[in-house]
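Based on these hints, arrange chain B on the given structure of chain A.
There are 2 protein chains.
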Amino acid sequence: MSGSIALVGIGPGSHDHMTHRARAVIAEADVVVGYVTYIKLVADLLEGKEVIRKGMTEELDRAVHALERAREGKKVALISSGDAGVYGMAGPTYEVLFQAGWTPESDVSVEVVPGASAINACAALVGAPLTHDFCSISLSDLLTPWPVIARRLDAVAASDFVVALYNPKSGRRTQQIVQAQALFLRHRRPDTPVAVVKSAYRKRERVEFTTLAHMSECEIGMLTTVLIGNSHTFVRHGLMVTPRGYANKYDLDEGGSTREGEKAGRSLSSGLLGWMAQLRADHAEGIGVATLAQQHGLPPDYIEAVLSAAVDEPETTTPTEETEG
Amino acid sequence: MSGSIALVGIGPGSHDHMTHRARAVIAEADVVVGYVTYIKLVADLLEGKEVIRKGMTEELDRAVHALERAREGKKVALISSGDAGVYGMAGPTYEVLFQAGWTPESDVSVEVVPGASAINACAALVGAPLTHDFCSISLSDLLTPWPVIARRLDAVAASDFVVALYNPKSGRRTQQIVQAQALFLRHRRPDTPVAVVKSAYRKRERVEFTTLAHMSECEIGMLTTVLIGNSHTFVRHGLMVTPRGYANKYDLDEGGSTREGEKAGRSLSSGLLGWMAQLRADHAEGIGVATLAQQHGLPPDYIEAVLSAAVDEPETTTPTEETEG
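Protein sequences, first through last, are from chains A and B.
Per UniProt numbering, residue 1 is the first one in the first sequence, and the count goes up by one each step.
Per UniProt numbering, residue 1 is the first one in the second sequence, and the count goes up by one each step.
Don't read these hints as lab results, they were simulated from the structure.
Take these hints with a grain of salt, some might be off.
Any copy, or any two copies together, can satisfy a pair, since identical chains are not distinguished.
DSSO-like mimics (lysine-lysine), calculated; alpha carbons at most 30 Å apart, straight line [stated by the list, open to error]:
no., residue 1, residue 2
1, Lys40, Lys74
2, Lys40, Lys263
3, Lys263, Lys198
4, Lys263, Lys54
5, Lys54, Lys198
6, Lys40, Lys75
No experiment lies behind these values; they were computed from the predicted model shown.
Chain A with its partners taken away, still in its complex shape (with noise of 0.2 Å):
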């Protein structure tokens, strides 16, 4: 008598978005669990099912349920919204397993299905901000010591990421939004484009589109994420974009022919190669350490290690690609 537990992200709420898998393992499953909100929304899906509702902050409890079914031969399906793996119950569930001393070997079956993340959703809502690198940062401190996040707004601050705020305020946190717009404005222009999403998806979804000098002011509360725009982003026709980096080599302008000294699909001349032999020359001219560290606002002692570094690479002839999404 074998059981399992599918880890299932439903997406951002609504049944469209939800992945042809998610539904699939939601309607054989003998017992669903999950957060009350998130049973909700999958409602038409439990007929004839067990369902086990807990509150918001019972997730090793949902997790030890449904280790408990699935060890009765039941097939489990535990939900989450979004996407399953970020921030969400696949984690505390692995430990829970992992301290109860199953494997994967053992009785019962263990199944992660990926969805949509709030990132995602909240995203696709507002335009198009995650065209370049991102991050998404939690300013819960229920579980991690405030240093640590403080520590990882400044650094992403300062390297110009597009991030998104996950659980910025609620009724007893109300501090750490305000706190991460001070780290933020150290950084960041005060007209650099947020976007405050609200139950993307959802019945009272609401979208605001604000700056980082005045993002606190927002309401915001426990279903918000937070957008922020890298140093690129931009808000046009109610629309937020971040640009790929095209502006550097393709000119728009002229209907998307490469700039001069570049190629398509080729490294970009301030790209690694361009970047190195640019810097051994700067060197090679008298230029120091310190000084090219500054330039590049990089670590002396990486300057160092690419200055010494051997010189020749292979130029092959496979053609570039880029993966997408």
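Chain B only, in chain A's frame:
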């Protein structure tokens, strides 16, 4: 005669992990535009449609074609793998639309359909690595200068994010992953867990676990995503898991009871307010700003701002909740 453009993320590749909306939009389209590899992934949905297959570097071209057809009144689906917003076609398309004078009030309506991104798919396959703050960095220097990429790698390595590297390597770009490894090793332990995931949920799917010290020796190509754990990430029974932080507050061996001095649903004693109180106490006892800044790994002017801020913080009785995924 009004046409439409849907920017569709088809998920990792298998139909199982496509959303209902993504499938519906492709099914209803008159014209489907995309990179030839992604077109193949949805081949069974294309009967009777005009299909425009494009090469990898012809992204602006794809957007231009989509707009052209939409202006003729056609329903166009422009497909990306993963999520259309994450290094996908949503950004370049909006840029092309704006250049062409398009506005949301014009004849052509535009929708972004979110999907499970490569980071979500890869994470689901390897276990639960994204339970804590993470970021996504593309190592492609085709459109981004290397120093920008290097600064980001350095920043997130230092501040202990889980990191997904997109476009880690191609035929021509072989040294970027070596440089990324070097930058990470300045901050992270050599035995930091790394998962190298190729073609998640597609035919040639392959998962390899390694460590930061060895990651550049792995087989890495254009269809690979590299996941680097944070300082708490571990691999057990072939599963890569990042704890959410429960160990700080809950005692898993004791059935999940709360640790001494901590309360369920409340900030950690080292959370923002507790940390601020401690900082003030330490400062009152004579510990200087510079020392405190160093102790906590935060900028001195931020420490100063915290110390000089007004103290009273309301404790409301609203129950604290966390959002997921």
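Hint check, failures only: Per hint list: zero violations.
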